[in-house]
Structures are given as structure tokens and as C-alpha cells.
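> Spelled out from the first residue to the last, the chains are:
There are 2 protein chains.
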Amino acid sequence: MPEIGYLGPEGTFSQEALEIYLGRSDRTDYTPRAFSAMPDILHAVTDGKIGEAFVPIENSIEGPVNEVLDMLAFEDGLMINGEAVIPIKQNLLALKGTAVNGITTILSHPQGIGQCRNYLASYFPQVMLKPVASTAQAAREVACGEAGLAAIGSGAAARKYGLDIIRNGIQDNGNNTTRFVVISRHDSAMTGDDKTSIVFSADDKPGSLYRVLEIFNIWEINLTKIESRPAKDQLGKYIFFVDMNGHREDEDISDALRMVRRKTSFFKLLGSYKNGGAVK
Amino acid sequence: MPEIGYLGPEGTFSQEALEIYLGRSDRTDYTPRAFSAMPDILHAVTDGKIGEAFVPIENSIEGPVNEVLDMLAFEDGLMINGEAVIPIKQNLLALKGTAVNGITTILSHPQGIGQCRNYLASYFPQVMLKPVASTAQAAREVACGEAGLAAIGSGAAARKYGLDIIRNGIQDNGNNTTRFVVISRHDSAMTGDDKTSIVFSADDKPGSLYRVLEIFNIWEINLTKIESRPAKDQLGKYIFFVDMNGHREDEDISDALRMVRRKTSFFKLLGSYKNGGAVK
Chain S
1 MPEIGYLGPE
11 GTFSQEALEI
21 YLGRSDRTDY
31 TPRAFSAMPD
41 ILHAVTDGKI
51 GEAFVPIENS
61 IEGPVNEVLD
71 MLAFEDGLMI
81 NGEAVIPIKQ
91 NLLALKGTAV
101 NGITTILSHP
111 QGIGQCRNYL
121 ASYFPQVMLK
131 PVASTAQAAR
141 EVACGEAGLA
151 AIGSGAAARK
161 YGLDIIRNGI
171 QDNGNNTTRF
181 VVISRHDSAM
191 TGDDKTSIVF
201 SADDKPGSLY
211 RVLEIFNIWE
221 INLTKIESRP
231 AKDQLGKYIF
241 FVDMNGHRED
251 EDISDALRMV
261 RRKTSFFKLL
271 GSYKNGGAVK
Chain L
1 MPEIGYLGPE
11 GTFSQEALEI
21 YLGRSDRTDY
31 TPRAFSAMPD
41 ILHAVTDGKI
51 GEAFVPIENS
61 IEGPVNEVLD
71 MLAFEDGLMI
81 NGEAVIPIKQ
91 NLLALKGTAV
101 NGITTILSHP
111 QGIGQCRNYL
121 ASYFPQVMLK
131 PVASTAQAAR
141 EVACGEAGLA
151 AIGSGAAARK
161 YGLDIIRNGI
171 QDNGNNTTRF
181 VVISRHDSAM
191 TGDDKTSIVF
201 SADDKPGSLY
211 RVLEIFNIWE
221 INLTKIESRP
231 AKDQLGKYIF
241 FVDMNGHRED
251 EDISDALRMV
261 RRKTSFFKLL
271 GSYKNGGAVK
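As you go down the protein sequences, you meet chains S and L in turn. Each residue of the first sequence is one higher than the one before, counting from 1 in this note's numbering. Each residue of the second sequence is one higher than the one before, counting from 1 in this note's numbering.
This is chain S alone, in the form it adopts within the complex (with noise of 0.2 Å):
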């Protein structure tokens, strides 16, 4: 059976959302894979060893994955052919019978902190933050580790590595969701509900972007997200990831990148794929 790549270890909150999301797809064709790195999670795609990838792309609240987003940028071969939005719930995890005010130090991974903060300076300003490399691997340390230890992370990592969820919920923002995205070799067909997804690099001239915005706006395309990250190659130069409302197969949509790709230097298709919730 094909398998579907995820950051683990077992516990992370991409186990979790992968969970949700075959659930809610109702697919049983793939087994879920656990990588220790972003990159060896998509680099598996290229290199065919495993089918799809199930990744995060943006939270509402921490910004984008700079990391998936630069991969789909600058590499080959790999294309979204799916979403799934889902709700992040952060929880302070620690051993048993550990005491609120006995906790020196809380590790987690920068966006597990990052989406704690207001909470952690209001609750926790003494304590040491650590940041590691993923929420399980946190829940992890603190399993292993020496009394006064805290994780933030998912109920699947206190479940995982036995330790009491203390305080659940801790997120600053009750609005707390993750947009994931399926990345295969190939997009999906389309259904009658979906989106398309694209990366370009305006001319390094003034109003550039403006010029790419107002070809979606003759064709009266809506744009659902528009993200910038640097170039890379100067300060000051920028892409962007720009997804609508459609399938690349649509005619309007067809005809309006074909209009952008030559007002473009950099111009990339990412996918069209079944939209995979409305973005509330």
C-alpha cells in the first residue's frame, strides 16, 4: 500500500491532522510514514519512494511554513493536490504530579511557543522556554527528563509519552487553525468545487505586483491568499503564492495565467486540488 509522509515523531500534531483528514476524506489507500524532517518528507516525493505528503503550509496566527513554501518555490516535481484545514488545540503537558508552580522550564517547537506567548508571559514569565525541534520531541524530553520539565504540545503526545495534560487549551487565540496541503507528483482533476494554487516573481520594476493583481481582476478571479517571502538572491525582491477560487482547466482561469506567466519572471504552477474547506 502507497504511503503518506508526515513530521514526526508519533505525537505530533501532523499525526493528528493526518488523522482527522483520511478520516474526513474517508480514504484507506495510503499508510501514514513518519519523517524526522521537512525536507526528507518531500524530497521522499520527488524521489518517488513514497506517494503524498501531508505538510503544513500556513497557521492562522504564526504565518506561513517557510520551509514547504520555499521547497514548492525552487524545487521540481512536486505539485498540491490536496487540502484539509484544521483546528490546532495546544496543551501544557507534564509528568504526574507535577505542580504548576514547581515548572522551570517549557519546551516545545518555535511555533508551539509562539502560539502560547501572551499566555506564557502572563502565566509562566520566570520560566525558561526551549525551543526543539517538534511538539513530540518535547513531550519527549520532558518524559525522560528531570522534575520541573513542561511540554506544549498535542493531547496525541501526552497520550503517546504518558504524561497529564495540566492545563488544556492554551493557546492565546481561540482561532487557532493550520491549512495543510497534500503534495504529490502530480495535482487532482477537477471536481466543480476547487482551488489552484501558483508562485510567481513580479519584474523587479515599480507597480509590478499591481500589473499581476490586475489581470485577476479582469477576469474577475478570487484570489483566497496572497503571501510574499524573499527571493532569496537580494534583499527587497520577493515572490508570491497567490491561490483562487478554480481549476487550472477552467477557461477564465487558463487564460488569466497564461497572461500572468508572461507578465512574470518567475512563474510557477503549484496545482489545482478539491478545495478543502471554506476559510471562515
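What the hints contain is simulated information worked out from the structure, not anything from laboratory work. Don't take every hint at face value.
Just so you know, same-sequence chains aren't split out, so a pair can sit in one copy or run between any two.
Okay, derived cross-link-like pairs now, DSSO-like style, lysine-lysine, Cα gap no bigger than 30 Å in a straight line [unchecked claim]:
no., residue 1, residue 2
1, Lys263, Lys237
2, Lys237, Lys89
3, Lys274, Lys49
4, Lys274, Lys96
5, Lys49, Lys160
6, Lys263, Lys274
7, Lys49, Lys263
8, Lys268, Lys237
9, Lys89, Lys160
10, Lys89, Lys130
11, Lys263, Lys130
12, Lys49, Lys130
13, Lys130, Lys96
14, Lys268, Lys160
Assemble the complex: chain S is given as a structure, and chain L must be docked to it using the hints.
Only chain L this time, still in chain S's reference frame:
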């Protein structure tokens, strides 16, 4: 003498950059003061404890410094009154006598690791990467830690913690520069070569970003940066940071910004300041 805050401890790139900036601008009216966390620096400005803060706002490879952008957008009383573009050179630091093939763990700030991702994948594929709070903290942990540790960091960090530079200039991209801004409670008077920064949220309607950019196009104002960040209240809503050439008291800028303010649901002037070096 008033103080200018930066992200410490001593030996960070921020300290190196601040020294370069103070030398370049021939300013002797401020004493540098290290802070241990980014929010503390900016809160010290709003509270009047220090006169200015010198903080990174974007890197040519890793992109925006989210914490700084979010505080500028959402907290009152902070304005940009200066900028400086500083080249960043990453080095591999270790205890004297460390053999390259004896390195088992490499520590750095997540941006330091990100800036050397390809180098690390090529030369240290098996090594554990450990993100910590700053490049200086990484150097300190290496200086105090067991054998086999190395840090990615500045030459200043090597000197401060008595480490050897065992590989220099290991960043993936030769064009690795960081733009720093000087943040104060007020912005700067016109010099004739100025920039102005704003942040706004376009209405949640198709084409609304396009309609704001149209305003700059009509007044022929040159935008030097456009950067999106999540609005935080829901996935798919964005705020936009825009920098332009000119001072807010220039007639064209003043008229255009009055119109932008009218067309946006959220608008904040972040300040006008002397152009701090060509963004080539």
C-alpha cells in the same frame, strides 16, 4: 546617556550589527543595552525605559521577523525612525581542537540553522540540529558543554566565548543580509532621501489588495516592500506591510495615504525615516 536596546546576550548578530550601524551613522549619543527577549526590548521603548530599540525586521533568505512585525502592527506607541541593511556571515564555532568529523550536535537560533540548511545537509547529514534562543546562547552552550558540540554564529560570539571558527561563511547564500530598524516613540524628520512604512488590512472582499495598490500606482509612488502576515483572527485574512520611497510629509505620499486610510478597515502609519542603504 539614553540607551538603545538590542537582542542579547553579547555576541549576537544584533550586537555586531548595532556596532556597525552606530559606526556608520557616527552616533555617539546612545549606549547599547542587551535584552534577553524581543518583546522586552520593545516594551522598554513603550514604557520609556530606553529611548530606542535596534531590532531585525527581515532577512534576505529567511524572510520577516514575525515577532517584530506583529508588535509594530498590534501594539501602540512604536514607530520606525531609522533602518540599516547589514550583511550576515555565519560560521561554525567549536572548542579548540574539535575535529570536524567528531561533531555530533550543532546548535543555533532557528534562523541560523535555516540560513545554512544546504551546507548542513551536504556536510553534516547525520548531525543532530538543536534550535536554541540565540546564536550567542548556542556559542555559550558549546563553550560550557561536552565534546562534539558546535554552534552556528557570529565572529563576535566566537571571541566572546573563546571558541574557534572552524569553518567560516557557511551560509547557503552569499547574499545574506538583514535589515534592522530603529524603533522609538516617534519617527524622523524629512531628510530628502526617506522611506515610509505602513501596515493595513484590506477589506475582506475580492480584489481589495488590488484596489489599495491601485492608489500607489495612481500617485506613482514606488513601493520597496510588500509583506503579508496573518491577521490572526481567521485563516485566510491578512495584513500587509508596505514600505515606499518618500516621507509622509511629501504631498503625494500624504494624499495617497489619506486615500489608503479611507479604503482599508485597519491602517497604521509606522513612520518615516532616512533611507538606510540601497536595497540592491
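> Indicate, hint by hint, whether the structure satisfies it.
Outcome of the hint check:
no.	hint	result
1	Lys263 / Lys237	both (16 Å within a copy, 26 Å between copies)
2	Lys237 / Lys89	between (35 Å within a copy, 20 Å between copies)
3	Lys274 / Lys49	within (24 Å within a copy, 53 Å between copies)
4	Lys274 / Lys96	neither (43 Å within a copy, 56 Å between copies)
5	Lys49 / Lys160	within (27 Å within a copy, 46 Å between copies)
6	Lys263 / Lys274	within (27 Å within a copy, 33 Å between copies)
7	Lys49 / Lys263	neither (36 Å within a copy, 50 Å between copies)
8	Lys268 / Lys237	both (17 Å within a copy, 23 Å between copies)
9	Lys89 / Lys160	within (16 Å within a copy, 41 Å between copies)
10	Lys89 / Lys130	both (20 Å within a copy, 25 Å between copies)
11	Lys263 / Lys130	neither (45 Å within a copy, 42 Å between copies)
12	Lys49 / Lys130	between (34 Å within a copy, 27 Å between copies)
13	Lys130 / Lys96	both (21 Å within a copy, 27 Å between copies)
14	Lys268 / Lys160	neither (40 Å within a copy, 45 Å between copies)
Of the numbered hints stated above, those contradicted by the structure are hints 4, 7, 11 and 14, listed in ascending order.
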